[in-house]
Structures are given as C-alpha cells and as structure tokens.
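Okay, here's what each chain looks like letter by letter:
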Amino acid sequence: MNMIYFILIPMLLAALAAVLLPERRAFHAAVIGSAVSLGLSLFFLFDYFNKPFLESVNWFVSGGFTFSISFSASNLTLFMASLVSFISLLVLVFSNFYMKKEPQRRYYAEMSLFVFSMLGLVMSNSLLLFYVFWELIGVMSYLLIGFWYQREAPAAAGKKALIFTRIGDLSFFAAVIILFSSAKTLSITGILSSIGSLNHGALIASASLLFIAIISKSAQFPFYTWLVDAMEGPTPVSALLHSATMVAAGAYLLVLMLPLFLSAGFASMIITFGFVTAFIAALLGLKETHLKRILAYSTIESLSFMFIAAATANAGGAIFYLFTHAIFKSLLFFIAGAGFILFGSYDIYKLKSSVKNSGWLYVPALIGFASIAGLPPFMSFFAHLSLSANFTTLDSVVFVLLSFITALFSFRAFFVAFKKSAAPRLKRELSVYVPVLLLSAIALFGGVIMFYFTGIIHTVYYVDIFSMVSMLAAFAGAYTAFELFLNRRLLRQVSAAKNAAIKLSERSFDSIITAFGIAFVSFADIVGRLDEKFISLFSWISNYFMSLGLASKEIQNGDSSTYIAAIFLGLVIVIIIAVMFV
Amino acid sequence: MIYLLSFLLLPFIGIIALMVNTFLKCRMREEKIVGVVIAGTVAIFFGGLALGFKGISIDLVSKIGFSFSLGINSLSLPFMLIAVIIPGALLYTAYKEIKDNKAFFYILYLITYASLISVFISYNFILLFIFWEAAVLSLFFIISFWGDKDTGRASGMKFLVFTQLSSLALLAVILLLFSYTGSFSLYSILQLASSIPLLIQYVILFFLLVTVMIKMPLFPLHAWMPDSYLSAPTTGTVLLSSLLSKLGVYAFLLIGFEMIPAAILHARIILIGIGLLTVLYIAVVATSQRNLKKLFSYSSMIYMAMIFIGISSLTTAGADGAIVLTVSHSFIIAMLFILTGTLKSRSGSYEISSMGGYGAKMPALSVFFVFAVLAVMGVPGLSNFVGEFLVFFGAYSVLPIALIGLIGVIISTNYYLSAIKNVIFGRLSRAGLRDIGKLETLQMLLLSSFVVLVGVLPNLIISMSRGLI
Amino acid sequence: MINAQLILIVGLLGLVLLDLLRRYRNFSQSVIHYAALAVLLVSLVSEILFGNLNASFFSEVQYSYFINGFILFISTLIYSFFFADKKSFSPLVDVLFIAAVLGATLVVLSSNLLAVILSIELLSLSSYSLVYFGKTLGTLEGAMKYISTSMVSFVILLFGASLVYAGAGTLSFSNLSSVNYIPFIAGLAVIIAGLGFKSTLVPFHMWAPDTYEASDSTITAFITSVAKAAGIVAMIRIFFFGFQVSSSFVTAVFLALALFTIFLAGIFAIAQDRIKRILAFSSISQAGFAFLGIALLNLQAVSSAVFYIFSFAVADALLFLSFRIMEEKGIRYKKDIKRMFSVSKIATIGFFLGVLSLFGFPPTIGFVGKLLILASLLSHGYIYIVGAVFLMLLLSVFYYFGLFLSLDFKAYSQNKMKKINSREIIILIFCVSLFAGIAFATV
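Residue numbers (my numbering), protein chains in the order written: chain A, 1 to 582; chain B, 1 to 469; chain C, 1 to 443.
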C-alpha cells in the first residue's frame, strides 16, 4: 500500500544507529533520519493533499477483536508530521552546538526515539496506538529531562514529570477502555461517530478522564509544576519536547476528540481551567528570573490559549496557534541556549550585568518575545486573531487582560536580558545561526500562512473591536515593561503587583503537592507496618502452637498411673459421645 | 514430532550425571551439566513448537486411575515457554551465587526444572500433583539451605507450611473433581466437569481459591511471601516469583476457567474485588519499603493480582491478558531480582539507602535496570502493557469500577521511579564498583529480548493459547 | 488346608523342640534363628499362594488376605533385620516373635469377639517380653509401663465384650439375635476404649511414647507396624464386618477420637527434641488418620483405611529400622541428625524417605493412602472435617520437616562408599516397597 509509516521508520533506525555507531556519528544518524522523515512527510502532504487514506497492520487478536496498528494520512496529520519533523530537524542541528561536550549516543538515541514516537502519535488513527505513543513520549521525556542524572535536580525533575504525566496517562488508559467497550472500535473516527450512542455515564467518565490526560500532558492547572521543573533538562530537549511537540500533544488530542468534549458539555469548564492556568502562569512568569523557566510559564500559557480556542469550537485556531507557537517557542529556546553557551547563565539579571552585547541574537530575541505577546506584524498576531475568533464577550475581555500581562512578562525578560550596543560582535556558529535565522524569518513573515491554513484544517479569523483592544493591550504591556525594566520608572506603582506575584508563588502550588506526597508516604508507612503486623500474626500462631506443645510435654510425664487414669478418662468420653449420638 | 517424555528424560539424565560426577569425583563443572540439559530442553521445546508434540499415556495403577499421561493442552505452551527458558538464563546467577554443596543444589535445580515443565504437560491430576509437590519441596530445600544464614531456615519452614496448605487445598480440589467425574484424567474431567452440581462447584472454587491465593500470592494469604522472597538466595527468589507463582495461575486457569466456570461466573464480582483490594493495598505497602528486594517482591504481587482479575472476569480478553501478563511478568521480574542480587553483591545490602548514583559507574546495569523498571511499569512496546490492557478491558466489561485498579498502578509509578532515582541517579555513594560482566549482560539481553518481543508481537503468546473458551 | 497360621503354629512348636534338641546336640543358636526365618518365609509364601482359613472363630474376608500378606511381609523383614542386627540371642525371642505374628494374623481373621480377644492377648503377651529384650533398666521400665496399662485395657475390653454378650446374646459376628440395645451399645463403646489402647488412639496412647522410646528400635518397629495394625484391624473387624450398628454413634466416636489423635499427637510432637519420641508421636498421629477412614463405615472408606494402615506400617517400620542403625552410634537428639549421613548413607535415605511417606509426599504410598482417605471423606461430604484435617496436617509439616532442617551436607562429599551390610539391604527393600506398594491401592 502507501506505507505512510515510512515517515516513522527513519527515526527508529536513527535511534538504533545512534546506539550502535561510534560516538561522533550519532549526530549524523539523527539528523539524516529527521531530514528523511521531513522529506517524506512533505512528500506525502503534497502528494496526498485532500486525498486522505488509512493504513493498517494487524497487531494482535483477542476476544474476537482485532487490534491493529493503523495510521491515517489526512491534511492535518501530514501537516503535523511535517511540523514535528521540521522542528526536530532544527533542534537536532542545534544540538550539535549545544550538546557538543555531552555523551552523544544516549542523547541522540533518546531524541530519535522521541521523534519516532511523536510522529507516530500525530499520525495515529487508532486511539490505542495514540495512547501507546503518548506514553512513549512521556517516557522519553523522563529520560531526557533526567539526562544529567548525576545531579539531584534533573533526576528529581524527571521523576516528577513522569509521575504527573502518568496520572494523565492512566486516565487516558481508562478512557480508552471505556470508549472501546462502548463503541466497539478503536479508530478515532469510529469512536467519534458513535458518541451519540454512548450512555451518559460513559460519556462523562471518558470525557473527564481524557480531560485529566490532556491537562497533565499539557501542563495545565493543577498539573503545571512539572513543566517548570522540566527545564532542568538540556535546552534542545526543552525546545523540542516542552514547547513545540510533546506538550502540544495534549492540545492535539483535545482537537481530535473535540466532539466528545463538547457533547459532554465540558466546553465552559475547559475554558475556565484555561484562563485560570493562563493567569497563574503569567503572574508566576512575572516573578521568575530564570530565562528557561520564564519560557516554561509562557508555554503553559500558550497551551491554555490552544485549549481555550479548541473549547470555543475553533479547532483551526488552536492548530494554527500550535504551529505558530512551535516556531517561536523553539526559536526562543535556541536563543536562550545559545545565550547560555556563549554568556554562561540563564539568570536574566546575571545576563543583564555580564553581557555587554547580545549581538546577532538581539533581533531574533525581539521577534520571539514579541511573538509571545502577539504583536503585529508577526505571525503570532495572526494566530491570536484566529484563536480568538469564537470568543464570547466575556472571553474577549479576559483575553485583553491576559494580553497585557503576557506582554508585560515577556518583554520584561527581553529588556532585562538582551541589549544592543556597540561592543564587539558575537561569534556566529552555523549550527545555531541557521536554525535561529530560519525560525525568525518564519515568525516574522509567516502570518500570511493563516489565510491559506484552511486547507489543512478549517480556520477562521475574526477581526473585531476586541482583537484591536487586545493588540493595544499588548503594546501597552510592552511599553510598561520598557518603562519598568529598562527605564526603571513607575517602580513604586508596580511593586504592589510584584508583591502579589511573589506571594502567589510562595504559597506555591508546588508545595501543596509536595505536602500531599509526604502525607501519602507517611500513610504508606503506616500501612506497611500494618502489613508487617499482619504477617507476624501467622508467626504468632505458630509460636503459640509451639508453646502449646512445650506445655503439653508435662502431660506425658512417665507416670503409669497417669496413663491409666487417662485410659479411664477416655472410656468416659467414649461413653458420653456414644450416648449423645445413639 | 517431539516426544513430551523427553522433557522428563533430559533432566533425569542430568541428575544421574550429577550424581555420577560427585560419587566418582569426575571434577566436571556441575553448571556445565545443567547447562547442557537446559540447552537441550530449550531445543526440544522450540523443535516441538515447530514440529508438534506427541504425548504419552501409561496406566500405572488403573484401580485408582493413576496414569502417567503427558499431553499439551491449550494452556500449556505459554507456561512451558517461561518454564523452559528462565531457569536457563538464571543458571549464570546460580553459578555466581551458589558455592557450597553444588551437586546437591543442582540436582534440586534440575528436579525443580523438570517438575515445573511437567506440571504444565501433565494430563493426569495425580501426576500433576506429584510434580507440583516436587517443585515445592525442592524450593523448600533451596530456601532453607542456601538462603540467608540467619533467617533462611525459619523462612523456609514458613514457606513450606503455607505452600503445603495450598497443596492440600489443591488435593481437595482434585479429589472433589474425582468424586464427581470418576476420573483423574484431564481429558475426562474437561468434558464432564460442567455436569458437577453447582454447590459442589462452589466448594471446589473455595478450595481452589485457597490454593491460588496462597500460591500467587494475594492478600490476605500472602504472609509467607516477604520473608521467603527476602531470605531465599537470588536464584530461589527468581524461581519463586517467576515460576512457582505461575503454578497458581495455571491451576486457576485450568481448573477455574476451563472446568468450573459456572461457579466463577456467580462469584466473579467478588473475585475481581479481591484482586482490586490486593492491588490497592499492596501498592500502598510497597511504597513504604526501603529494602529493594522487598519492594520488588511486593510489587510482584500487584501483577499477580491483575492476572487474577483477568482470569476471574471470565472473558476471553481477560484470560488472554492474564496469559500475556504471566509470560511478561516472569521475564521482567526475573530481570529485576537478578539485578537486585547483583546490586546487593556490590553494596552489601538490599537497603536502598546504601545505594545511589550507580549510573555513573555501572552503565550496563543501569540500562537494564531502567529498562526492567519501565517494562514492569507497563510502558507500551514492552510486554506488560498489552497484558494490562487486556486484563483491564476484560474486567471493565464485567465490572466498570474495576478501573480503580489503575490507581494502584499510579501509586506504583511513584515507588518505581523513586527506586530508579535512589539507586541509579544521584551522586555516587561508594567507590570500587564494577559493572556487570559480559556473561551477565548476555543474560540480561536474553531476558530483555523476550520482553521486547512479547511487547511488540503479543500475538505470539495469544495464539499459543488458542482454544480458550 | 495349608495356610499361614497353621505353618506358624507348627513352626512355633517345632522351634521349641529344636531348641530342646540344641541343648543336647550342641549346635549354634543361629540354626534356630535361620529356622525361624524359614518359618516366617514359608508362611509368607503360603499366605500369598493359598491364604485361606475358615474355622469357627476365624473367617476370610476380602481384605484379610491383603492385610495378612503385608503383616507377614513386614514381620519377615523385621525379623531378618533383627537377626542381622543382633547376631546372637536367645531362641526364646524367636518363639515369642512368631507367637506375636501369629496373634496378629489371627486378629485379622477373627469372626468372633472371643477370637479377637484371644488373638490380641497372644500378640500382647509376646510383645511385652519382646520389649524387655536387652534387659536394661530402660527397657524394663518401658515393659512395665506397657504391661500395667495394657492389663487395664484388657480388662476393659473383657468387660465390654461381656456387655455385648449381654446385649446381643452372642459373641459371634455372623448372627445377631435379639438385641438388647443398651448393654450392647455400651459394650461396643467400652470395646473401643479397650482396643483403642492397642491402636494408640488418644487418650489411650499414653503408654506408647515411653514404650517406643525405651525398647530397642527393631522391636519398636514391630510394635508400631504390626501390633498397631492388628489393633486397628480388630476395630475394623468388629465395627465394620462384625456388628452392623447404627452408624452415627460409631462415626461420631471415631471421628472425634481420630481428630483428637491427629491434633494432640501433632502438638506433642512439635516440642520434642529426641528423635525417637518424635517418631513415636508421628506414628500415633498416623493411626488417627486411619480412623478417619474407618469412621465412615462404608466399603470405600474402609478399604482406603486398610491401605493407609499398610502404608504407615511400612513407613514406620522403615523409619525405626533405619533409626536402629543410627541409634547404636549415639544419635538421639535432633541436633545429632547432622551425623546421620556419615553413619550410613542408605539408612539416612531410608529414614527421610520414610518421613516423606508419612507426611504424604507424592509419589510414595503415604501419599496414595492419604489421597484415598481424603477422597472417601470428600465424596461423602465431610468437607469441614477435611478442612480441619488440613490444618492439623500443617502441624505435621513442622515436626517432619524440622527433621530435614537439621541436615547438614558438609559431610556429603567426604564419604567413601562403604560396603553395604545386610541390614541396609533390608532397608533398601523397604524403600522399594514404599513406592511399589502403590500397586495395591484400590478405590
């Protein structure tokens, strides 16, 4: 047949190659693999544009049902595959620069396996297969976050990430079972078409479980803390997994299963959770000083935008924003990473004091941070337009506020960390220069794609008074940041807001979770001791018998008269029993 | 056509060879003899898979219906797979671990090997019981004499007492079946069992549950397990967890699923409930464990509980899942315990607090350790996943609330990842660590390849057990 | 007309005459011993070949052929062991021994209460003296306890028999005329007490541990296998083939006594430190198990009980004979088990095989015996009893396998192969029969 799974195979082979080949070749294997995947995805995209088809292979048979590995090639899936392989290719190229001194084989093998899983995920047609890849990307994320496992922080961060996402994974698992039992099919299209026949309990249960899955994977409230800690991993990992692809999987699932959520009536809940998350993220980002963590908070916020867009029945807006976000977020991570290698720190205040000239990084940084804020004429402005297309008035008002705060914290980072001056120019290394430049270009000029995006997934955009107001709010935020952080005026007025942000982060959600964790472990200790007591109960029983035996030794005392007495005793007993039963 | 009798003949020849070797002081390495026997058996097994097996049936004492019959039933093959291969991989661990009285140990090893395989191919219940008891007794000796110096004998006794209760209960089951069908032969009982009155089926189920809940083990009859697993030598623990517990699974499938499903049908909600209780309770208990071997012992119970749930649901999916999970769990837990044994020999104890940061100095071991833990957590692509999926799917179709068992899986994620973090990650806590050697790497590779194989192609195992209702 | 009992009687008298002759002609004692052995062998053979006795007080029943067969088999082997062990002893012992065997076989054939009583007495009188063999203070004590308690039980037995006579009007098993119920039932109850002594039911067993321990292990082997078997068979004769009484009271009594026996003997055994006492208590416990089968009073159950008696008789004989070999090297306590292997490999193997068989480990006859008894219990619906029995059997795990745990294998590899002596050959024969005996099992 058409064999679209060929898109996946190169990355699997690359992973194997990375393990088996000598150290220096691992990089080449990975890059070649992702280039091939990209080529194939683009090929399929253009060749099969508007000609969707399915592809499946039997996996196992049980209980009268055949479980198969099935992929679907539609405009959306092929586009996503292309996007994933494109970003992966850039990230892998960047890794050559960033990870030069690190163990190569393990890194590239794990990255390749990740890309393999992510490609599989976006092209899956079977919900079970989707789950398989969903969990695999989680495991790869665990391994990659904890890449520098010798240090406590990454090890802990990886463990936390996997535990949090696993809660979602297992909810997903349960949802798959529920949906499969009701719909008798695993194909996503099949399940969606049978939503009407689901009984109410199953509908609500599966929707809730899927909701937990997506908010854990996409780091929404209340599961967001893992993503911030995940920044302990290498920066390319953050660029690929934790901005462009893995966390977006949650949004992708939301988009795919949107009819399910809507018919369960979850739309308003998703929107509420989304806005709450966005506010928390924005406020926390305002207080943060570590550049990557600021970016993490902005990712959380962007994901919530995707969620909100989808929940307002605007799948196109969500996907287009996903695309845009992938571009500018990875751009920003590249910049941050380059800054770390070149300048030695991620702390924005340290960067402020030690860096004289950000060099050629300055303009791309500006593009990136402006994209977070959604300023025109960058691509993300158009994305904002698209995603707010179906907003109600209330939504739009909230969104305006958000735009302000978003611009505020993103430009704070920019103005503090980056500066342009006449000091000596920065070295341009190709593996970093090319990806950054490429992404900046797309982020700058890509807005026009929005008008053509409907081909991939139905996209609308709506320019109204609220979009204008939010654009102004964004500019206002940028200006405020400029004043505050560059010109250092208006400090007193803002310190109140700043204190609020600090208080929020102190009573941080993270500590609640830690407390819960500790409580659980103590509970477990109690139960563990209970079990030990229970087990020793049996030893107690056998000791009891042993002591019974020792005590009874006295009966057999060697005295004949006792024995004879016993005989008579027995005689009496026998007679009694006889009389009782006759 | 491969004769099933050869599964018994080869180990027997091995035992004779070992005895000759000792008495005549031939100075041949005992492990080599055992290795040859096992290799031969593996070859026979795969040959049989390809060419087909031929049974045998000789009447020994026809008056009581005791006949020496061997045959393959629909359940045999997956169980035989693990019984044939795992002791082979385990041999290297035994070689490193067992230093005194080797001849006697390896004789016991071969007896266990032959008995385990033969249980799965016995077509007469008395014969089955003979092999069952032989395996149990051999393990009693292994735990008592080669186990921990201080606690080995007491744990061995505890093991024996509990396991004897389960064997006696099995005997009661066999006798009840005999009383109502007039035969000990599996052929006849499989056909006639459905005509046993329901009340008697309940009684049989009761005794069967005693057997199974002790053997696998399940809460609340698991009291023997922590000490026995802990005190036994690594070889013994692997035999216990990978193979002996599966005897219980086999009995439950063979007798419960195939012979008295009517009784299980009425009781399945309760049975699934018992399984779920075990999963949740043990997940919490395991979280409190600071001893790595005990941690894995308790966590092993969770999978046995899942297998139990799968079979109790009386659905094809559940039973298939149980069988896949059985095979998968055997390989994975063997890996985990073998690695734990290696860790003990490096750090001197099983306490997690004495380990740490081993990833830096022992890369090969760490890779396998992380692999095995991920596998046991149910990562897709590795063997536990498909089994868990089918089990929960089967259970859900009978009792939707069964999905709360997944909470146990979530809880288990925590202690597994903590185990990895505290053992492999972090700063190196001691010096002078050697990584695992070539042979041990080979051993781990062998086991891992099965884990991956079953994970990617679970149909191999499922198709082995076709013929289930 | 040739049957085993006749041969035994003739042989008995012949031996006495031969002994008289010896004093005049002066040949060695061994001739007499060989003659005694010959007598036993011939009677064994004739039992196998002909085995038939029908006289007024004695009659054949289907299983008596089997029981007599194994009694003679075991006795022959024990006697040969005794001979190989002691080399020279008074010919009186031969006479006593053969008399005891005669008594045992007669019990099996009895069809009249009087016959039972007489046969039991023949057996007992002979065994009192056999216990005293060795003439030490220890054996004297054992013999005295045996005699004194045995007398009491004999008196009780007689009393019971007379009550039965008062109630039923006859002592014969075959015809039951008008039954005056109460004395009859009372009499039967008393008979249980009387015969329970010989079969070591609790609480009539009290003599057994001391006597078993005091006497020479070979004699103990005899008492615990043949004499006990006779006692139990006497019960079977009376209650199953003899008087067909309302079964509920017999069943209740037997079940209760059996359960007491198994349980209490188990408890007593656990705390023991001397091996011989452990073996004694385990033997008592085995008898209790046999009674579980008898309690059901139907053919299937009683046949399984008979087979069970065979199995434990063989195993007990094997155990005590093996222990004899150990005993003379001073192995008395559990901790001495370490040395067992260096004393005699074959005896150690025999010892532990015997333990496994008593425990009921497949594929020994002990296992088959337990199988049959449990089968009959279950098929008649006594499920709770089976459950209780299981729990009691768990006790036996402790004292049986506690013996194993004391083993030590360091001595294993250092031993050279010693020549096998004739005692060990006998033990080997027992071991073989431990497995081969399964052929005799019937359902």
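These aren't lab readings, by the way, just hints derived from the structure by calculation.
As the structure is a prediction and not an experimental result, all values here were calculated from the model.
Cβ coordinates follow ideal geometry from the N, Cα and C atoms, glycine included.
Keep in mind that the hints are not guaranteed to be accurate.
Stated by the list, open to error - Taking lysine-lysine and the DSS-like style, the derived pairs with C-alpha atoms no more than 30 Å apart in a straight line are:
hint, chain 1, residue 1, chain 2, residue 2
1, C, Lys87, B, Lys149
2, A, Lys533, A, Lys420
3, B, Lys99, B, Lys438
4, A, Lys553, C, Lys87
5, C, Lys334, B, Lys102
6, B, Lys32, B, Lys54
7, A, Lys100, A, Lys420
8, B, Lys99, C, Lys334
Unchecked claim - Just a sample of chain A residues kept apart from chain C, beta carbon distances all over 12 Å, derived:
hint, residue
9, Val61
10, Arg105
11, Leu550
12, Asp559
13, Ser560
14, Phe568
15, Gly570
16, Ile575
Against the structure, the hints come out as follows:
{"no.": "1", "hint": "C:Lys87 to B:Lys149", "in the structure": "45 Å, violated"}
{"no.": "2", "hint": "A:Lys533 to A:Lys420", "in the structure": "70 Å, violated"}
{"no.": "3", "hint": "B:Lys99 to B:Lys438", "in the structure": "21 Å, holds"}
{"no.": "4", "hint": "A:Lys553 to C:Lys87", "in the structure": "37 Å, violated"}
{"no.": "5", "hint": "C:Lys334 to B:Lys102", "in the structure": "25 Å, holds"}
{"no.": "6", "hint": "B:Lys32 to B:Lys54", "in the structure": "29 Å, holds"}
{"no.": "7", "hint": "A:Lys100 to A:Lys420", "in the structure": "28 Å, holds"}
{"no.": "8", "hint": "B:Lys99 to C:Lys334", "in the structure": "26 Å, holds"}
{"no.": "9", "hint": "Val61", "in the structure": "39 Å, holds"}
{"no.": "10", "hint": "Arg105", "in the structure": "49 Å, holds"}
{"no.": "11", "hint": "Leu550", "in the structure": "4 Å, violated"}
{"no.": "12", "hint": "Asp559", "in the structure": "9 Å, violated"}
{"no.": "13", "hint": "Ser560", "in the structure": "5 Å, violated"}
{"no.": "14", "hint": "Phe568", "in the structure": "8 Å, violated"}
{"no.": "15", "hint": "Gly570", "in the structure": "4 Å, violated"}
{"no.": "16", "hint": "Ile575", "in the structure": "5 Å, violated"}
The structure does not agree with the numbered hints 1, 2, 4, 11, 12, 13, 14, 15, 16 stated previously, though it agrees with the rest.
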